[in-house]
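4 protein chains.
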Amino acid sequence: MRRIPALFAAALVTALVSTVNPVLSQAPASPPRPALVEDLVVANRILANEGVVDGYGHVSVRNPANANRYFLARAGAPALVTAADIVEYDLDSQPASGSGTGYTERFIHGEIYKARTDVTAVVHCHCLDVIPFAAANVPLRPMYHMGYFIGEGVPVFDIRTAAGISDMLVGTPALGQALARVLGRRSAALMRGHGAVVAADSLHVVVAKAYYLNVNARLQSEAMRLRGNGVTYLDPEEAKKAVQTYERSWEFWKSRLPR
Amino acid sequence: MRRIPALFAAALVTALVSTVNPVLSQAPASPPRPALVEDLVVANRILANEGVVDGYGHVSVRNPANANRYFLARAGAPALVTAADIVEYDLDSQPASGSGTGYTERFIHGEIYKARTDVTAVVHCHCLDVIPFAAANVPLRPMYHMGYFIGEGVPVFDIRTAAGISDMLVGTPALGQALARVLGRRSAALMRGHGAVVAADSLHVVVAKAYYLNVNARLQSEAMRLRGNGVTYLDPEEAKKAVQTYERSWEFWKSRLPR
Amino acid sequence: MRRIPALFAAALVTALVSTVNPVLSQAPASPPRPALVEDLVVANRILANEGVVDGYGHVSVRNPANANRYFLARAGAPALVTAADIVEYDLDSQPASGSGTGYTERFIHGEIYKARTDVTAVVHCHCLDVIPFAAANVPLRPMYHMGYFIGEGVPVFDIRTAAGISDMLVGTPALGQALARVLGRRSAALMRGHGAVVAADSLHVVVAKAYYLNVNARLQSEAMRLRGNGVTYLDPEEAKKAVQTYERSWEFWKSRLPR
Amino acid sequence: MRRIPALFAAALVTALVSTVNPVLSQAPASPPRPALVEDLVVANRILANEGVVDGYGHVSVRNPANANRYFLARAGAPALVTAADIVEYDLDSQPASGSGTGYTERFIHGEIYKARTDVTAVVHCHCLDVIPFAAANVPLRPMYHMGYFIGEGVPVFDIRTAAGISDMLVGTPALGQALARVLGRRSAALMRGHGAVVAADSLHVVVAKAYYLNVNARLQSEAMRLRGNGVTYLDPEEAKKAVQTYERSWEFWKSRLPR
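Chains as they are written, first to last, in this note's numbering: chain A, 1 to 259; chain B, 1 to 259; chain C, 1 to 259; chain D, 1 to 259.
It should be emphasised that the hints constitute simulated quantities derived from the structure, not laboratory data. It is possible that some hints are incorrect.
Repeated chains share a single entry, so a pair holds when one copy, or any two copies, can fit it.
Here are the simulated EDC-like cross-link-like pairs (lysine to aspartate or glutamate), alpha carbons at most 16 Å apart as the crow flies [claimed, not checked]:
| id | residue 1 | residue 2 |
| --- | --- | --- |
| 1 | 240 | 167 |
| 2 | 114 | 38 |
| 3 | 241 | 90 |
| 4 | 254 | 235 |
| 5 | 241 | 167 |
Please build the complete structure, drawing on both the sequences and the hints.
Following this line, the structure appears as structure tokens:
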């Protein structure tokens, strides 16, 4: 594995930073786990390679050793993230270890982890296929079993409700909280004029839900053109039963990454 | 050929398994033929590389030496299937040789082989382009000679009719039989909220029919947007005459596989 | 250039075949010109790589040394054509040199060369983007200067008019002549339920016209969705003035070929 | 960096040309800066690799050392541009250094630089996604924050107003001036039956605006199909606030270039 040296280096940096820079957080930083960090790097690259994110967007994972911390890359294009870019944040989205400028919208992650103890991983994307649905105010509906979680409903967060006229960015804790409230207990919420946020109980599942959220939107748009309001979606009870692990998708996408 | 050693290894494993594990089936397992297994591996990879399947979906081929057996990969992403993953099943979809967890929906294959002595190969896919047609209940029609087999009609299997509220999966012999009945004597059936199944008299043709089923759906959707119900499809008699071997498509797709 | 040995080999084979097999044609075969043959191989590969053809379709060029002959690959997928596959045909589409089974529809080429002394190169494709237009009977119109030649009009050839119920293939001289009559003096004609034929005065231009015929169809479909019959197309006089050589497209596409 | 020798060679050629060929311009040519030239080469390749241009289209940058000069490749496909192809032009679009045939439409660049002292970089593209909007006379509107600049309005330049029936090309200073007048103080203008022009205050931003102009058009077309005239666009004040540097997009696109 080419990246293992980088992973050990990152762990070392983390240990050093948490030693010499105690003011960054009140509790000592938890050393990142190389395998988890590596998986987070792969998640970043899959999202870029499969077109769920472009130069923008981000994915985080909660620290399994400390539920009050999460890992997220410092600000940069997801396709270019390496283990050395991963920063540990507390749930107020302040860095607990690592260095570099953070994403302006890291509060999306921290506030969802605060509100949702069941959530282990979060994606924010400018997912192209869902943006027209938010703009058109057409609810997403589950088209097939791979989009089963859409049966929970996909609410739309309009930042204007929380912030009035803004730069459209979820750049404060308060806006992160407002977004988390709209998301509620669901897997995904659209962000009007912006993109979407997706939450799940694992890194592999959150990547897949972000991916299939887009696929399902394309299928729904096509079905509505063929039949308008007469489309047959998954029955709500079918959607509840059709839970997916998506593990094969992860293996497939991982195998497609450029070397 | 890089894979020939793996093929011989697979044949050896098969021989060993069928010797030491006679309880797996009543008749001894037929040794897989390296060339056929290799073709099945190529079929898996073509379907993934051409976008007919993603991390999910599967393709099988009947054993030419024993019509009561078929070959299918153990559960895994089609793009990553190797000769060592190929398992021989009896028509009840119980493993006759090979090891590893089987696809939950392998009954699709076994039950179609039981019902259709003319069928030599089967594909199950979450073919994106046809899912809206099933959801919209718009019949597929043959748009051009490459989709000639659509002239036979493409029925829609709604699992709710056979199973009520379910997880959408054809995970039992009874559901496989229900699907086979809807397919009837035709080349393809859609599966509502799920995908499609395609059957043919050769591995090369089943891959091509799955591919062109999708292409034809895209063309039909586009034509219907231009002209609604006024589209001119292939005449049923033209569709019968326009039989294709698709052999050049197979050679083309094979040449495009990543090395 | 990796292919030059193959080109010389092809020339040699041609010379030998035309010596030992004089019954193939009445006049001696013209030796193919390596540079032209190489360009024809590149044309095949560009058409496949840019998605104008898939495993099917073909492109030919008239022999500049003998206007009664043209070069066309023997039957095979365009992406895989090499110099050794190029065959010389007379205008009755009988082989004058070279070997191998010919395309069933080679008469498309021969009959257009007979009818159109201004034509030097011909493409037949199952061009996906134009098939819905023929099926919907919506005339193609020039959307931008790269599709200028569409201003000449793009007639639709319905094989039923010439052959009644058929296998949809232009497999005889008479059908080739019927298609050539529908094409008339224009650059392109659609073939209902099948694809298109494109004719031009050079190999580079015929490839580009086949490519931009498709692009223009996509743009027109999109514009019609936005505005129905209120779309502004190129004025017929603008279309006449906007003649393109497309030479930069050829260089671009050639640079994109897989090595 | 593989190209640095070429860059130094280009600087040398420039110096020689500006010495031996003083009649090309009244003032001595400014030596191009290797880093800027290299960025311009990258801009050309990104535009091609991301599908904003094909074999046609061009991108220029104003000389930061001399506001009366700009750099633009000599006529050729953007994907194939190298540092040696970069030519320096004065604002009348006459070459000040470098050699080779210029783009017929280089006046687009010179006349916009003349009219807009705030503009540092210009793209002309046959951007496929916006051509239907010009043809349908449907105004582009900002769909999400990445397309914020569309909030300024995107006027349509109809060359017929300035030139009557033409070959559609902006091939004279007068036509360049007419286009610059339609563009006004905005970021982008569509060109009916042709493509678009985009202007910005940096090379990275102009590439990104050309890219997101297309993305936004696709999203708008999709939203209008879902909801016609009921789509919610960015509020004009939101659009003003949502300014982007797009720097991460540039890094992402650069990393995707073929080596």
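Comparing the hints with the structure gives:
1. 240 x 167: between (37 Å within a copy, 8 Å between copies)
2. 114 x 38: neither (24 Å within a copy, 46 Å between copies)
3. 241 x 90: neither (35 Å within a copy, 29 Å between copies)
4. 254 x 235: Neither: 32 Å inside a chain and 39 Å across chains, both beyond 16 Å.
5. 241 x 167: between (40 Å within a copy, 5 Å between copies)
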